[in-house]
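Using this note's numbering, the final residue of the sequence shown is 499, and nothing's skipped along the way.
Keep in mind that the hints are not guaranteed to be accurate.
[Unchecked claim] Straight-line Cα separation of at most 20 Å, SDA-like style, residue types lysine to any residue; simulated pairs:
# : residue 1 : residue 2
1 : K67       : L82
2 : K91       : K39
3 : K318      : M364
4 : K270      : E245
[What the hints assert, rightly or not] With beta-carbon atoms standing in for the labels, derived distance ranges:
# : residue 1 : residue 2 : range
5 : T61       : R11       : 37 to 47 Å
6 : K119      : Y346      : 24 to 34 Å
7 : T352      : D127      : 34 to 44 Å
8 : E224      : K307      : 29 to 39 Å
Hints in this document: simulated from the structure, not taken from any laboratory.
C-beta atoms are modelled at their ideal positions from N, C-alpha and C, and glycine is treated no differently.
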Amino acid sequence: MLHKTLRANTSLLQIYGLLRANNIGESVFLDSCGKGKYSYLALFPYCTFKSKNSKITIAENDKTKIIHGNPFDELKKLINNFKKKYKSSYNKDFPLLNSGCVGYLGYDLVRFLEKIPAKAKDDLKLPGSYFIFPSIVLAEDHEKNLLYIFSPDNNKEGIEFISSIIKAVDKISPDAKINNSNNNNNKLNKPLDYYVIKRYNLRSSLTWSQYKKIALKAREYVHAGDSFQIKISQRLEFEIEEEPWQIYKKLRNINPSPYAAFVDFKEVKLISCSPEHLLKVQRVGDEYLAETRPIGGTYPRGKNAKEDKKIAQKFFNDEKELAEHTMLIDLERNDLGRVCKYGTVKVTEMMKLEKYSHLMHIVTNIQGILDTGKKRKRGKDSFDAIKAMFPGGTITGCPKVRTMEIIDELEPVARGPYTGSIGGFNFNNECDFNLIIRTLILKADKNNVGDKNTGNNKFKGYLNVGGGIVADSKPRREYEETIEKGLAVVEAVKK
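Start from the sequences and build out the full structure, keeping to the hints where you can.
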């Protein structure tokens, strides 16, 4: 694998913006907004992989083939084939996503893992999974102020082209690096009111009366003992009148998030400001560390720091809230324990408060050592880990399988990418995925073409927002909470 390291004053945000002025095709920007060590930009795919149910389309160079199977298994086979072809080797000093594929896993892939009905209407008909294998990967090290350029398929011309772009930007504007360490600890935007749907002429998959009926039914299931908590969502729909990249930049400014992403595919675009980390599997010495970071508790920001503190204290003094968060921790520990060595799964950070532009979250960090097996025992790998964790329990409820059955019964439309994961697998049994929440889904309008990058410049936007129903939930408050979670995205689109 070819690679190059540069000390640069520019950022991936600027480089990507400049490249988008030309026809660069499908691409993915995994943006930690300076809150994590690395951000990634995946460009110029030499292969694409997408699935719809069991139908899988693989396009490599000018050849396309269609097969049928389990998307998780077929993607793993493809990764292993390319690893052998390009002889990729592990280097502990490289950023994790230096090779392999990046894209998304849609929520409905769960039916390849569990026997969940499919009653909800799949009206958007988007790919269930969609990945590109980039010829060029750029990684920005926010701590060391370095830019790495990788070419898994040994594209020397591509590396030199990107190097020249970076040097040109540095030369033109040597102090152009955008401050990525945007911090929302003290950013207190004035919240929009709860009638935001009517105010901005948004359409929803559920009217208030429909949501109330579904929430009450979910509460009945909780009282009957089917579930402790059921995460019910509604989907907002609106026209997109602005170039998607501009929307992403506005959203990033309003609500910079550690697991943000801009996914630019021909059939679908994802504009994400996700605060939640579903899974990372990373090699540490001779072992593989698996990590998840669930959110269990969401609250609107106060008008000032004093109100923030008061709201947070209310959570930490509420035995019921603490019990619900503990239940989610146990669920995620159990899922991680299915693929980790016995006794290694531990909570490394407990109920930490994180602040964003409109919301505060309570998060916990859980880690374990992947059970890679012995000579006579098949060990677990990064695909086993994602299958064990997918989809995240924080967006379904507990127990997970029965709760997903109830969700399918109650929600009128399929979730699609929502509550799936954006991220990637590398060639060395490592992976990194967010959880798709606070994410705008754009579907191309086939009657209007012309976007120089991916063929479309008119879109319909879809934003799923959800909340958890428990035994004493009040439907109106839960409905308002779903709107609160979408405010930052609505602001980016409509203001």
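Cross-check of the supplied hints:
Between K67 and L82 the alpha-carbon distance is near 15 Å, which keeps this suggested pair within the 20 Å criterion. Between K91 and K39, the direct Cα distance comes to roughly 33 Å. Violation of the 20 Å bound is thereby established for this hinted pair. This hinted pair checks out: K318 and M364 have alpha carbons roughly 12 Å apart, not beyond 20 Å. The suggested pairing of K270 with E245 holds, with an alpha-carbon distance near 18 Å, which does not exceed 20 Å.
Evaluation of the 37 to 47 Å hint for T61 and R11 yields a pass: the beta carbon distance comes to about 40 Å. About 27 Å separates the C-beta atoms of K119 and Y346, a value consistent with the hinted range of 24 to 34 Å. For T352 and D127, the hinted distance range of 34 to 44 Å is satisfied, since their beta carbons lie about 41 Å from each other. Separation of E224 from K307 is about 37 Å and conforms to the stated range, judged on CB atoms against 29 to 39 Å.
The structure fails to meet hint 2 from the earlier list, while all remaining hints are met.
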